[in-house]
Amino acid sequence: MSFLVGQNMTGGYGAADILHHCTIGVEQGEIAVIVGPNGAGKSTAMKALFGMLSLRQGEVLLNGENITTLSPQARVLKGMSFVPQTHNVFPSMSVEENLEMGAFIRRDDFTATMAQIYDLFPVLKEKRRQPAGQLSGGQRQQVAVGRALMTQPKVLMLDEPTAGVSPIVMDELFDRIIDVARTGIAILMVEQNARQALQIADKGYVLVQGSNRYTDTGEALLANPDVRRSFLGGQ
Amino acid sequence: MNTSGRTSTPAILAFGAMALAVIWVGQAQSWSLALSILNYCVIAAIMSLGLNVQWGYAGLFNVGLMGFAALGGMAAVLVSMPPTQQAWQAGGPALLTAMLMALITIIAAIVVYKIFQPGGRRHLVMTLVMMAGLIASRWFFDPAVKAIESVDPSRTGYLGGAGLPILISWVVGGLLAAAAAWLIGKITLGLRADYLAIATLGISEIVLSMLRYEEWLTRGVKNVNGLPRPVPYEVDIQQSQWGLAWASKLGANVQDFASIVVKLSYLGLSLLVLAILFWLCQAALKSPWGRMMRAIRDNETAAEAMGKDVKRRHLQVFVLGSAVIGLAGAMMVTLDGQFTPNSYNPLRFTFLIWVMVIVGGSGNNLGAILGGFMIWFFWVQAEPIGLWVMEVGTSWMSPENPLRKHLLESAAHMRLMIMGLILLLTLRFRPRGILPERNDIGRH
Amino acid sequence: MQDLLNALVLLANFVFIPATAYGSQLALGALGVTLVYGILRFSNFAHGDTMAFGTMVVILLTWWFQSKGIGLGVLPTALMGIPVAILLTACFVLLTDRWVYRYHRQKKAPSVVFLIASIGVMFLMNGVVRFVIGPGDQRFEDGERFIITARAFREWSGLNEGMVFRTSQGLSIAVALLVVIALFWFLEKTRTGKSMRAYSDNENLALLSGINPERVVMITWILSAALATIAGTLYGLDKGFRPFTYFQLLLPIFAAAIVGGLGSPLGAIAGGFIVAFSEVVLTYAYKKFFTYLLPDEWAPDGLMQLLSTDYKFAISFVILVLVLLIRPTGIFGGKST
Chain U
1 MSFLVGQNMT
11 GGYGAADILH
21 HCTIGVEQGE
31 IAVIVGPNGA
41 GKSTAMKALF
51 GMLSLRQGEV
61 LLNGENITTL
71 SPQARVLKGM
81 SFVPQTHNVF
91 PSMSVEENLE
101 MGAFIRRDDF
111 TATMAQIYDL
121 FPVLKEKRRQ
131 PAGQLSGGQR
141 QQVAVGRALM
151 TQPKVLMLDE
161 PTAGVSPIVM
171 DELFDRIIDV
181 ARTGIAILMV
191 EQNARQALQI
201 ADKGYVLVQG
211 SNRYTDTGEA
221 LLANPDVRRS
231 FLGGQ
Chain R
1001 MNTSGRTSTP
1011 AILAFGAMAL
1021 AVIWVGQAQS
1031 WSLALSILNY
1041 CVIAAIMSLG
1051 LNVQWGYAGL
1061 FNVGLMGFAA
1071 LGGMAAVLVS
1081 MPPTQQAWQA
1091 GGPALLTAML
1101 MALITIIAAI
1111 VVYKIFQPGG
1121 RRHLVMTLVM
1131 MAGLIASRWF
1141 FDPAVKAIES
1151 VDPSRTGYLG
1161 GAGLPILISW
1171 VVGGLLAAAA
1181 AWLIGKITLG
1191 LRADYLAIAT
1201 LGISEIVLSM
1211 LRYEEWLTRG
1221 VKNVNGLPRP
1231 VPYEVDIQQS
1241 QWGLAWASKL
1251 GANVQDFASI
1261 VVKLSYLGLS
1271 LLVLAILFWL
1281 CQAALKSPWG
1291 RMMRAIRDNE
1301 TAAEAMGKDV
1311 KRRHLQVFVL
1321 GSAVIGLAGA
1331 MMVTLDGQFT
1341 PNSYNPLRFT
1351 FLIWVMVIVG
1361 GSGNNLGAIL
1371 GGFMIWFFWV
1381 QAEPIGLWVM
1391 EVGTSWMSPE
1401 NPLRKHLLES
1411 AAHMRLMIMG
1421 LILLLTLRFR
1431 PRGILPERND
1441 IGRH
Chain P
2001 MQDLLNALVL
2011 LANFVFIPAT
2021 AYGSQLALGA
2031 LGVTLVYGIL
2041 RFSNFAHGDT
2051 MAFGTMVVIL
2061 LTWWFQSKGI
2071 GLGVLPTALM
2081 GIPVAILLTA
2091 CFVLLTDRWV
2101 YRYHRQKKAP
2111 SVVFLIASIG
2121 VMFLMNGVVR
2131 FVIGPGDQRF
2141 EDGERFIITA
2151 RAFREWSGLN
2161 EGMVFRTSQG
2171 LSIAVALLVV
2181 IALFWFLEKT
2191 RTGKSMRAYS
2201 DNENLALLSG
2211 INPERVVMIT
2221 WILSAALATI
2231 AGTLYGLDKG
2241 FRPFTYFQLL
2251 LPIFAAAIVG
2261 GLGSPLGAIA
2271 GGFIVAFSEV
2281 VLTYAYKKFF
2291 TYLLPDEWAP
2301 DGLMQLLSTD
2311 YKFAISFVIL
2321 VLVLLIRPTG
2331 IFGGKST
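Residue numbers (the numbering used here), protein chains in the order written: chain U, 1 to 235; chain R, 1001 to 1444; chain P, 2001 to 2337.
The reader is advised that the hints may include incorrect statements.
[Said to hold, decoys possible] With a cut-off of at most 30 Å between alpha-carbon atoms, the simulated BS3-like pairs for lysine-lysine come out as follows:
id : chain 1 : residue 1 : chain 2 : residue 2
1  : R       : LYS1405   : P       : LYS2239
2  : U       : LYS78     : P       : LYS2108
3  : U       : LYS125    : U       : LYS154
4  : P       : LYS2068   : P       : LYS2239
5  : U       : LYS78     : P       : LYS2189
6  : R       : LYS1186   : R       : LYS1114
7  : R       : LYS1186   : R       : LYS1249
8  : R       : LYS1186   : R       : LYS1311
9  : R       : LYS1146   : R       : LYS1222
10 : R       : LYS1405   : P       : LYS2287
11 : U       : LYS127    : P       : LYS2189
12 : R       : LYS1146   : P       : LYS2288
13 : P       : LYS2189   : U       : LYS125
14 : U       : LYS125    : U       : LYS78
15 : P       : LYS2288   : P       : LYS2239
16 : P       : LYS2287   : R       : LYS1222
17 : P       : LYS2239   : R       : LYS1222
18 : R       : LYS1146   : P       : LYS2068
19 : P       : LYS2068   : R       : LYS1311
Hint data in this document are derived by calculation from the structure and do not stem from the laboratory.
Go ahead and model the full structure; you've got the sequences and the hints to work with.
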């Protein structure tokens, strides 16, 4: 069974269900990507895994433990971390302060972790006294990811991390994400840029209208003619 | 939407309770007092109605009511008092010249604004123009004011008015307030709710400052007394044939009788005005214009997207509401027979009317009127009631006890506390007020 | 040369020193308002009366101390009363949060509702203050009145004009400086302070990071009460205490906070001084100043006063409107929503 898994998830934000018996899982050290057309429920599925909406049916298990009823803050304490798509930094606070806030729930000395983040994202070390709001889009995303990593999570969830960034920055971000995965963290990502995301993915979930349509390795999905035709724009 | 002709049960109950309260006062204290209170209740209700037009229809947070009411009061003085010929001769021409200077300065500033490119230079030139204009008009203004104010300062010391019947001032007051509102609205209505609140509060402070210190205008804090009346004087009734005849027929003291007749006359006038305004407001509410106003209030972005000129509508509402308040201000000064700038205290005035609208029912005209009656009645009666409670509560203490003395002295301030509690409790337990707006789309 | 020095001393005495003292008081008041706005996201109209409440407690304690013969020698006894007054004011304010604002927070009510609620709290506080201490003037300063007296200065300098530096003015400036340093240290260097800035910056992300919202709210109210009490006491020592005056201070305080940028502590301080200096500079009668500087034939007759002091509030208001129209986020770009 996967390290983090949401099984048979059915639910939504209000009366109408967005997810229908959806299953998403990720292993430690693995990169899992959720792709699909607009409105497919990709972000919703991830938010469900993080506890930001209640499920009518289904459950979420972290390392075998049932966390379905836990609040997002409680899940952070269990070792999950979430990077929202927008408004994911504290704009008036410096990069370093953003990282400090990321580690807010930690009571121990986190300077070692911060050094690790700086190694991973050297540009953050360079700009660590600058207010996060003044950085470029790509750099802000790095701050956002760095902030989320300060709790030394076992699972890192990213909601469309490359939304609105240029292709070069996107490549760089994906490189970093691979680096993070190599440290043993499970990475779950929702992405619009399906092709590039699947290229780095160990596992891919194609969601359509709230349910799983295709589940396979990233490579296999890229090679799959049906997937190519419907979601990857041919070729 | 208020279906015409059919009033709801809560409304009937509430107004019924009010009527009983007034009757009780008449019985327990005096009919003259009861009528006095009722007169002010009507005026409070009109002001409340005016505010409701701004807040209930359009969601505008106007905390500058006092200023507009004071402008209405000023109109009462400027319309009805006789002109002080000597003062006009002494300082009139110079004063007018000063105003002309000011006007020229403003026009010059606008011209500079239009001609120059935006930037530092334009700001500099405009500032210079305005400073030059300020100095030039002050050159004429200061000596003119000195001259005017030195004309018989204990009795006049100001320019006086137009000597017209005071009822005209009710209309003039409304128009004056409307004009001021138009100007102020043009500048400030784009602001968010709390910014608008502070801006309007500031404006009313300025208006009040002007009225307090520009003695040449309305005698400032020396006050204007003895304003002419639209109804007969008590003395005249007491001495008239029909007055004496009726008084003896009713078996009443002729002074009491005269006082009650006077108050009833005022009441008749005010109720007439209230009725007309209420009818107008209801008509406006039910009209397409009213529906559009509420649509804008409930979702401004959507309304704008649909091409409604939100700013213009807001300005209309602001002007109309302020006109009503100005009218009420003139009525109040007429009732008082005097104009006292220092009595316009924001706590006793502006915020009290806000409590009236919120407690009565924002967005509901009848609610605003009810709120006006209820809260004003309570405000006036809270002092004697509070005193009575204190006396009973401390009756077991010796009369020399300093605590007792202090409590009795301070009983009056309890009404501020209770007013605050009423507002807070309403916000929590009945946020839409006693008579909620019909057909509202869930504002809170 | 003598004339120039005299003119400068005149300005120092009647413009610079009073404006700096007043600016310090306004800055502290504006800080309280801007903190509540930044974190609780509404304009607290009850802040002026909170200042009155805090000062009232200080006055009562001062009278008690004085009756027991306890004093601070050179410094005003009132300073001793400040800590307890802050405690009591904080309790009052926390109660209002618990019983009034929290309900609306849970209902996610729009900011206007909080504004109206703060008007209710204002009525309440105003009534309480008047009930307890009455609506009249109260003077409660004691200790040494002057740091520099006019006569001492004249003797020392040999100049015509004497420069006066009152203890209350010196205290306002010194205490405000200390408070500001302490506040900034708290916000910039401590974990709790940073968490409050984070909460003000991005509420959702702060919650995600595990920051406890109720704790942030509580500390905000406590700080606001402390700032109000200190500001009110300094103002009262300098200019006397009257409940109505504190209500009127709402306008310059809000003007200061908005000018600096609502939500920005640095802005509140800058705004406080801008408003204070504008008020004093624009209402001072420069007659004597010009008399010193200009040759005798050109000496002015009139008062040379731009605006009468009665229009003090008009100045705050005009500054406020100008800023709102030209640069609504204020000098330091606070929050606009």
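Right, here's what the structure says about each hint:
| no. | hint | verdict |
| --- | --- | --- |
| 1 | R:LYS1405 <-> P:LYS2239 | holds (29 Å) |
| 2 | U:LYS78 <-> P:LYS2108 | holds (29 Å) |
| 3 | U:LYS125 <-> U:LYS154 | holds (23 Å) |
| 4 | P:LYS2068 <-> P:LYS2239 | holds (25 Å) |
| 5 | U:LYS78 <-> P:LYS2189 | holds (28 Å) |
| 6 | R:LYS1186 <-> R:LYS1114 | holds (18 Å) |
| 7 | R:LYS1186 <-> R:LYS1249 | violated (58 Å) |
| 8 | R:LYS1186 <-> R:LYS1311 | holds (9 Å) |
| 9 | R:LYS1146 <-> R:LYS1222 | holds (16 Å) |
| 10 | R:LYS1405 <-> P:LYS2287 | violated (50 Å) |
| 11 | U:LYS127 <-> P:LYS2189 | holds (19 Å) |
| 12 | R:LYS1146 <-> P:LYS2288 | holds (21 Å) |
| 13 | P:LYS2189 <-> U:LYS125 | holds (19 Å) |
| 14 | U:LYS125 <-> U:LYS78 | holds (28 Å) |
| 15 | P:LYS2288 <-> P:LYS2239 | holds (24 Å) |
| 16 | P:LYS2287 <-> R:LYS1222 | holds (28 Å) |
| 17 | P:LYS2239 <-> R:LYS1222 | holds (26 Å) |
| 18 | R:LYS1146 <-> P:LYS2068 | violated (53 Å) |
| 19 | P:LYS2068 <-> R:LYS1311 | violated (62 Å) |
The structure fails hints 7, 10, 18, 19 (numbered hints given earlier, in ascending order).
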